[in-house]
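**Q** Listed below, chain by chain, are the residues.
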Amino acid sequence: DQQVKQNSPSLSVQEGRISILNCDYTNSMFDYFLWYKKYPAEGPTFLISISSIKDKNEDGRFTVFLNKSAKHLSLHIVPSQPGDSAVYFCAASAHGSNSGYALNFGKGTSLLVTP
Amino acid sequence: AAGVIQSPRHLIKEKRETATLKCYPIPRHDTVYWYQQGPGQDPQFLISFYEKMQSDKGSIPDRFSAQQFSDYHSELNMSSLELGDSALYFCASSSTSGASTDTQYFGPGTRLTVL
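Protein sequences appear in the order of chains A and B.
Here my numbering is used: the first residue of the first sequence is 1288, the next is one more, and so on.
Here my numbering is used: the first residue of the second sequence is 802, the next is one more, and so on.
Treat the hints with care, as some may be off.
[What the hints assert, rightly or not] Simulated coverage check for chain A against chain B, where a stretch passes if three residues somewhere in it have a Cβ under 8 Å from a Cβ of chain B:
| # | region |
| --- | --- |
| 1 | 1315-1324 |
| 2 | 1327-1340 |
| 3 | 1388-1401 |
[What the hints assert, rightly or not] Quick list of in silico lysine-lysine cross-link-like pairs, DSS-like style, CA-CA up to 27 Å:
| # | chain 1 | residue 1 | chain 2 | residue 2 |
| --- | --- | --- | --- | --- |
| 4 | A | K1325 | A | K1341 |
| 5 | B | K858 | B | K823 |
| 6 | B | K858 | B | K814 |
| 7 | B | K816 | B | K858 |
| 8 | A | K1343 | A | K1394 |
| 9 | A | K1358 | A | K1325 |
| 10 | A | K1325 | B | K814 |
| 11 | B | K858 | A | K1394 |
| 12 | A | K1358 | B | K858 |
| 13 | A | K1394 | B | K823 |
| 14 | A | K1355 | A | K1341 |
| 15 | A | K1394 | A | K1355 |
| 16 | A | K1355 | A | K1325 |
| 17 | A | K1325 | A | K1292 |
| 18 | A | K1292 | A | K1394 |
| 19 | A | K1325 | B | K858 |
| 20 | A | K1358 | A | K1292 |
| 21 | A | K1343 | A | K1358 |
| 22 | A | K1341 | A | K1292 |
| 23 | B | K823 | A | K1325 |
| 24 | A | K1292 | B | K858 |
Hints are computed from structural coordinates only; laboratory data are not their basis.
In this text, all values refer to a predicted model and were calculated from it rather than measured experimentally.
Even glycine gets a Cβ: it sits at the ideal position worked out from N, Cα and C.
Go ahead and model the full structure; you've got the sequences and the hints to work with.
**A** Written as structure tokens, this is what we have:
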């Protein structure tokens, strides 16, 4: 049962424009959310995270927005650069639950930034 | 900065053989996680250890076992290998203290191929 969903398998954006990657979750116990970037045959690279007590977190070109009532989060990349082309995974965990801090991943969105 | 180290990076085994994957966490990280990523799939949580004790268990087959040693490195032991065990195996580590508490940092992965 997929508790974290990324409904767009792929996204193509022009260089310099904004990339918006979306993620939905079903488990209301999730209270910590992360975005990872992944290249083929490499491990996921941590990008940015957000706790459920916040609705926005910003780090350079990356901003994550969290809408708890809608169980939705999004990652904004602006301006997008060709080097941002990769698969982006949304992940969530529930602190204090029986599942510990194990991450639940979405299936990923493949972002292509074209020159 | 030091990252998570995994060895070997690639491993080829025959059915019914055993395999041992090793993970060396980021220095001063006290928690280790193991994930399995099948082809075209999202990473699935297998098991985690905090301070050398198993802290959580996910979809880890009974044929697999793991432990964390006194130097915090971890090993995933896989026996009676099946074709379906062919996957990328990621180790991640995190710290329960400091500025990036609970953020999991991933290693490059071990690609296991079972023939």
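**Q** Could you tell me which of the hints above the structure violates, numbers in ascending order?
**A** Failing hints: none at all.
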